[in-house]
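Participant: Sequences and hints are given; from them, build the entire structure.
Residue numbers (this note's numbering), protein chains in the order written: chain L, 1 to 248; chain D, 1001 to 1356.
Think of the hints as simulated: they come from the structure by calculation, not from any bench. For glycine and all other residues, C-beta sits at the position ideal for the given N, C-alpha and C. Check the hints yourself; a few may be wrong.
Capping the alpha-carbon separation at 20 Å, the derived lysine to aspartate or glutamate pairs in EDC-like fashion look like this [what the hints assert, rightly or not]:
1. D/Lys1201 with L/Asp82
2. L/Lys181 with L/Glu229
3. D/Lys1046 with L/Asp82
4. D/Lys1201 with L/Glu229
5. D/Lys1290 with D/Glu1225
6. D/Lys1201 with L/Glu32
7. L/Lys6 with D/Glu1242
8. D/Lys1205 with L/Glu229
9. D/Lys1205 with L/Glu32
So the derived label-pair ranges between C-beta atoms look like this [said to hold, decoys possible]:
10. D/Met1239 with L/Glu36: 46 to 56 Å
11. D/Leu1113 with L/Asn179: 48 to 58 Å
12. L/Thr127 with D/Phe1224: 20 to 30 Å
13. L/Leu37 with D/Leu1212: 54 to 64 Å
14. D/Thr1031 with L/Thr219: 50 to 60 Å
15. L/Thr219 with D/Gly1112: 47 to 57 Å
16. D/Phe1224 with L/Phe155: 40 to 50 Å
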Amino acid sequence: MVVFQKPNGLTDAQLHYCPGCTHGIIHRLVAEAIDELGVTGRTIGVAPVGCSVFAYNYFNCDMVQAAHGRAPAVATGVKRSDPNNIVFTYQGDGDLAAIGTAETVHSAARSENITVIFVNNAIYGMTGGQMAPTTLPGQVTQTSPYGRDTSHVGFPVKVCEMLSQVDGATYLERVAVNNVKNIKAAKAAIKKAFQYQIEGKGFSMVEVLSTCPTNWGLTPEKALTWLEENMLPYYPLGVYKDKYKEEK
Amino acid sequence: MSEKVLMKGNEAMAEAAIMAGCKHYFGYPITPQTEAAAYMAKRMPKLDGGVFLQAESEIAAINMVIGVASTGKRVMTSSSSPGIALKSEGLSYLAGCDLPALVINVQRGGPGLGSIQPSQSDYFHATRGAGHGDFHMIILAPASVQEMVDLTFKGFDLGDKYRMTTMILADGTMGQMMEPVSLDMGEVKEYDKSWALTGTKGERKPNIVNSLFMLPADLEKYNFERYEKYKLIEENEVMYDEYMMDDAEICIVAFGVAARVSQNAIDEARKQGIKVGMIRPITLWPFPKKVLNSAADKVKAFVSVELNMGQMIEDVELATRCKKPVLLCNRAGGVIPTTEDVMSKIIEANEIGGAN
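Facilitator: Pasting the structure below:
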């Protein structure tokens, strides 16, 4: 008897992610969410440029691969072509918060009825560990070898906080996948974001704090601790906006 | 023959797109093509399923086009030179993903912010370097409002037939001028789009629209296959128009507004007994190489008339294998050559090489 298997929303393709990388967990959460909501057959995903570029091979639904940062614009076209489609983008921090900032902000401003899965690991992973818009002050990367100097390159972009000021944004939540409790909360947030889309409620984004053991230069276990000790204080978890939050 | 209506070029092509079954338009304001967007903003919401969306940038607009194109529906954007340059990234992705789309460039003077007057200085961009990587787009060059209509309609068919981008390379004159047009376009053809992203409905394997290949041999294979397709297009889709070429000793090559000016100059020169005619490319890619090469065996010189610093002239020289001299008659920066400009080049061409 099979007691634990891949969700239908994932293909059998072998993931290429580094050992200890949390992309695999996040992929699974997205797949479980669309499966449980019964929409995998009408879901179209948009893959980014970055570590998760091959997402088009992993999700068991129609997929389009977008240019760097342009996923929300491509998703806009896909959604406007047939509003019955459930459309999501899966983007990293460089993609979403640097080169694609305009597309992110304006898809939120238009309240495009799409779901954005934003994976924030504070670094450019695929290109080998350069400074990202989300790299923490003082954090050492390949292009900030003496630590991120805020007097020279400025400060990290807090995307949930920024988009919470955009009227069109419907639902914004920051979650993390560093422990079981947080993974369960992340799953609930992702599912809620898709549920909102199904109900036509507009733009939703779930920011998922994620690890990059390879480029952080840490073991998978220590990377989880680093996330907890460094990212959580700078990027507090929680719901930053929910237009449809039930009154208590 | 259907009834004719008086329309501005930009609006006529927008209406032709709608008649071709295009229900999705994405754009960003830029002179001198904004009438197309304004027309679509009025018309699209009145159509069942019609979408007009003003994007936050040219880049976003072309990526929205990619989104709709990947679902298999007809989609377009229009812009002018600086805006088209911004769309270059998306044009390359459209090619790499083998997606059909219609893009209209109502050219203005450049480089940089340039001018808002008519120009043909994006010839190289359109035919050579519309984005990174090896690819072509089908480039159609209208010389009247009627052709703006006809080529827009045909452009969607070509795009669907070959799964690639068709670009209407117009200029400010074509976009802004008014002429009577017939909008009798005929049937919209259907094409197989089993590759499109429509949701698996749990009934088939996922469709993937993608331009990334990790193995060089795979990418090479796709590039060679795409160029086989381009070869077919070069064999089957060349369009051009001839004017007074039967006995011509001088052949003018011109497209768009330059061809209209040239036609006036030809009429003038003929009155003076100079045997001059014109080959007007309607497809700039594929370029009408064969007819020009044949013409090179009959005429003594060519004159390339262009609203740029001399771009198409390179294709004329290549097509004719430099068998005969090719003179350049050009104005740039938004200036249109006058009949006199063309006349003086015709006379110069007539003087070289003596009698044929």
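Participant: Against the 20 Å threshold, does the CA-CA distance of D/Lys1205 and L/Glu32 hold or violate the hint?
Facilitator: holds, 18 Å
Participant: Is the hinted pair D/Lys1201 and L/Glu32 satisfied, with a Cα-Cα distance of at most 20 Å?
Facilitator: Measuring from Cα to Cα gives roughly 17 Å; hence the hint holds.
Participant: Does the hinted range 48 to 58 Å hold for D/Leu1113 and L/Asn179 at CB?
Facilitator: At 54 Å between Cβs, range holds.
Participant: For a C-alpha distance cap of 20 Å, please report whether D/Lys1290 and D/Glu1225 respect it.
Facilitator: Not OK: D/Lys1290 and D/Glu1225 at ~23 Å, beyond 20 Å, violated.
Participant: Quick one: are L/Leu37 and D/Leu1212 within 54 to 64 Å, going by C-beta?
Facilitator: Violated: the Cβ-Cβ distance is about 29 Å, outside 54 to 64 Å.
Participant: Could you check the hint for me, namely that D/Thr1031 and L/Thr219 are 50 to 60 Å apart, CB to CB?
Facilitator: Holds, at about 58 Å.
Participant: Hint says 46 to 56 Å; check whether the CB-CB distance for D/Met1239 and L/Glu36 agrees.
Facilitator: Given range 46 to 56 Å: holds, Cβ gap about 54 Å.
Participant: Given the hint that D/Lys1205 pairs with L/Glu229, test it: the Cα-Cα distance must not exceed 20 Å.
Facilitator: Violated, at roughly 43 Å.
Participant: For the pair supplied as a hint, D/Lys1201 and L/Asp82, is the alpha-carbon distance within the 20 Å limit?
Facilitator: Answer holds: D/Lys1201 to L/Asp82 is near 14 Å, not above 20 Å.
Participant: Given a hint of 40 to 50 Å, does the C-beta separation of D/Phe1224 and L/Phe155 actually sit inside it?
Facilitator: This hint holds: roughly 48 Å between Cβ atoms.
Participant: For the pair supplied as a hint, D/Lys1046 and L/Asp82, confirm whether the alpha-carbon distance does not exceed 20 Å.
Facilitator: Holds: D/Lys1046 and L/Asp82 sit about 17 Å apart, inside 20 Å.
Participant: Taking only the CA atoms, is the gap from L/Lys181 to L/Glu229 under or equal to 20 Å?
Facilitator: The hint holds at about 16 Å.
The structure fails to meet hints 4, 5, 7, 8 and 13 from the earlier list, while all remaining hints are met.
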